[in-house]
Amino acid sequence: MGIYILRRLLMMIPTVIGITFLIFMLVALAPGGIGAALRASGGTVDAGGGAARAEAEAYLEDRYGLDDIAPVQYLRWLGRISPVKFGARDTRLPDGEIVSGPRALKEPPLWSWFAGSIAEPDPSPEIDESRRVTREDPVEKRDRVYREASQNYAKARLEYVGARAQFIRQLGVYAESIDRSDLVDYKDNADVDGLAELVPDKSSPAFATLRPHAESLIELYAKAQKSRDALRAVLNADLFERAGVPIIPGIIGLGSPDLGQSFSSGQRVSDMISRALPVTLTLNLIALPLIYIIAIPCGMLSAIRKAQWPDVLIGSVVVALWSVPTVWAGVLAIGYLADNRYLGWFPVAGLHDNTSDIMRFLPSFDADGLWQRGYLLDMFWHAALPVLCLVYGGFAVLAKQTRAAMLENFSADFVRTAKAKGVADRSIVVQHVLRNSLLPLITMFASIFPAMLSGSVVIERIFSVPGMGSMILESIVLRDREVLLANTLIIATVNIMALLLADILYALADPRIAYK
Numbered sequence: 010m011g012i013y014i015l016r017r018l019l020m021m022i023p024t025v026i027g028i029t030f031l032i033f034m035l036v037a038l039a040p041g042g043i044g045a046a047l048r049a050s051g052g053t054v055d056a057g058g059g060a061a062r063a064e065a066e067a068y069l070e071d072r073y074g075l076d077d078i079a080p081v082q083y084l085r086w087l088g089r090i091s092p093v094k095f096g097a098r099d100t101r102l103p104d105g106e107i108v109s110g111p112r113a114l115k116e117p118p119l120w121s122w123f124a125g126s127i128a129e130p131d132p133s134p135e136i137d138e139s140r141r142v143t144r145e146d147p148v149e150k151r152d153r154v155y156r157e158a159s160q161n162y163a164k165a166r167l168e169y170v171g172a173r174a175q176f177i178r179q180l181g182v183y184a185e186s187i188d189r190s191d192l193v194d195y196k197d198n199a200d201v202d203g204l205a206e207l208v209p210d211k212s213s214p215a216f217a218t219l220r221p222h223a224e225s226l227i228e229l230y231a232k233a234q235k236s237r238d239a240l241r242a243v244l245n246a247d248l249f250e251r252a253g254v255p256i257i258p259g260i261i262g263l264g265s266p267d268l269g270q271s272f273s274s275g276q277r278v279s280d281m282i283s284r285a286l287p288v289t290l291t292l293n294l295i296a297l298p299l300i301y302i303i304a305i306p307c308g309m310l311s312a313i314r315k316a317q318w319p320d321v322l323i324g325s326v327v328v329a330l331w332s333v334p335t336v337w338a339g340v341l342a343i344g345y346l347a348d349n350r351y352l353g354w355f356p357v358a359g360l361h362d363n364t365s366d367i368m369r370f371l372p373s374f375d376a377d378g379l380w381q382r383g384y385l386l387d388m389f390w391h392a393a394l395p396v397l398c399l400v401y402g403g404f405a406v407l408a409k410q411t412r413a414a415m416l417e418n419f420s421a422d423f424v425r426t427a428k429a430k431g432v433a434d435r436s437i438v439v440q441h442v443l444r445n446s447l448l449p450l451i452t453m454f455a456s457i458f459p460a461m462l463s464g465s466v467v468i469e470r471i472f473s474v475p476g477m478g479s480m481i482l483e484s485i486v487l488r489d490r491e492v493l494l495a496n497t498l499i500i501a502t503v504n505i506m507a508l509l510l511a512d513i514l515y516a517l518a519d520p521r522i523a524y525k
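Residue numbering for the sequence shown follows our numbering, starting at 10 and increasing by one per position.
It is worth saying that the hints were derived from the structure and are not from the lab.
Cβ atoms here follow ideal geometry from the backbone N, Cα and C, with glycine treated the same way.
Be aware that one or more of the hints could be misleading.
As the list claims (entries may be wrong) - Keeping only pairs whose Cα atoms sit at most 20 Å apart, straight-line, the calculated EDC-like set for lysine to aspartate or glutamate is:
1) K235 to D137
2) K164 to E228
3) K235 to D77
4) K115 to D131
5) K115 to D202
6) K232 to E157
7) K196 to D210
8) K315 to E417
9) K196 to D77
10) K150 to D137
11) K211 to E224
As the list claims (entries may be wrong) - Each pair of labels, with its calculated beta carbon distance range:
12) V432 to G11: 35 to 41 Å
13) I12 to R284: 37 to 43 Å
14) I513 to D146: 49 to 55 Å
15) N349 to R85: 48 to 54 Å
16) R153 to H361: 37 to 43 Å
17) S473 to S325: 31 to 37 Å
18) I261 to W354: 56 to 62 Å
19) I90 to S325: 45 to 51 Å
20) S473 to I12: 46 to 52 Å
21) G11 to D247: 22 to 28 Å
22) S420 to L299: 49 to 55 Å
23) V432 to S473: 52 to 58 Å
24) W331 to R85: 53 to 59 Å
25) W354 to S420: 43 to 49 Å
Using the sequences and the hints, build the whole thing.
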């Protein structure tokens, strides 16, 4: 069994990689690419005082690496979420944020046409004497030095990237002037690689207008490179703790997965999931036991009373419930059970009252003798309708599956033998028939359990529940790569682990099953 489990765990790695790569490429191949929604909205980045759209897009592409080809972006994401880290370890800031070294700057396009050399990165930068700080200094001082270096670099990089985008457009004008419109795209940007293969026409008036812009761009590049070296010096000074555990220092180590930062909100994806996951788990941890507690006894009663009125009644009710669309049921529940114009028994949205933060945990009486429902009861009251819509559809499948499995075992030889030996009917049903009917129920559990984490998109949207389902739907609409991939990773891992758990439960439920 141990070798089988280990083999399945090792097989999980390429499976998860394949699933996440497929989702990543589907997003990349969609109209607009990976950062379409980010480019359309401008993201959460201040593009700098009404900068042109092209400059803003260039900065977003530079910041998030969207200008690299899709496989390179995927490998970068895979490196972040992998527990095995290569190269220097990341830095953990006092607030828990993990930061990597600054990405390399792209050189000014066609700089060799205008200058003999450009600024090169310092191989081993040191902190400026005016900002000299060590690990022994207070955390506030060290954090302030890092923040200043980071902000200075972000500002310098923004200026350079914006000027670079403008210069590429001006190169497009130059290409048009020399009758090479084939080297200009639909955004009026020049094909830099194509122009690099040509000999520059320095006598052209358009080329003369390029020179001052190129010289300014080269200066901005040198300024950004200097700011980058200053930031690298702060990070290399080990002012803060390093993330992870070194295996071979500077080459390979172990660290916690980094799910990245949301494109649409700018929040850390791990923080978003940590807020949404408990909400979804709360609903499903209430709903899933209810489904099994109600459906399995109903299926057992239907099998025991086959073709009698309990079997007909239970079968009719569960199939009727299964036939009711969840969307319709949710809308009706809000319209009649929650609307104050009708019954108004339940709240319309959310999982808590607005005043739940000041409630006591359990129901109690206040100083005036008035009864207060408390935090726990308030949560169950808000969750009643969403849970109702989650459970009713699961009754039919599980009850019918239990009935069919038990009817099959009722006709088995070991049941006839037990009856011939005079074993009590109750013992036959519980110890023989039900136990041997568990395998289909375990299979269903393996498919239902992952849904506890992914959540119900329909239910959460109808009842305005901020769970995993709502977050996944929003990430799809916004094409938020980081959130979508993080949820895909979690759901794929849980699905595979649920299948492994089902295999283990098979062996526990049926001694005839063994894995070697």
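Original post:
Okay, which hints does this one fail, numbers in order?
Top reply: 3, 7, 21, 22 and 24
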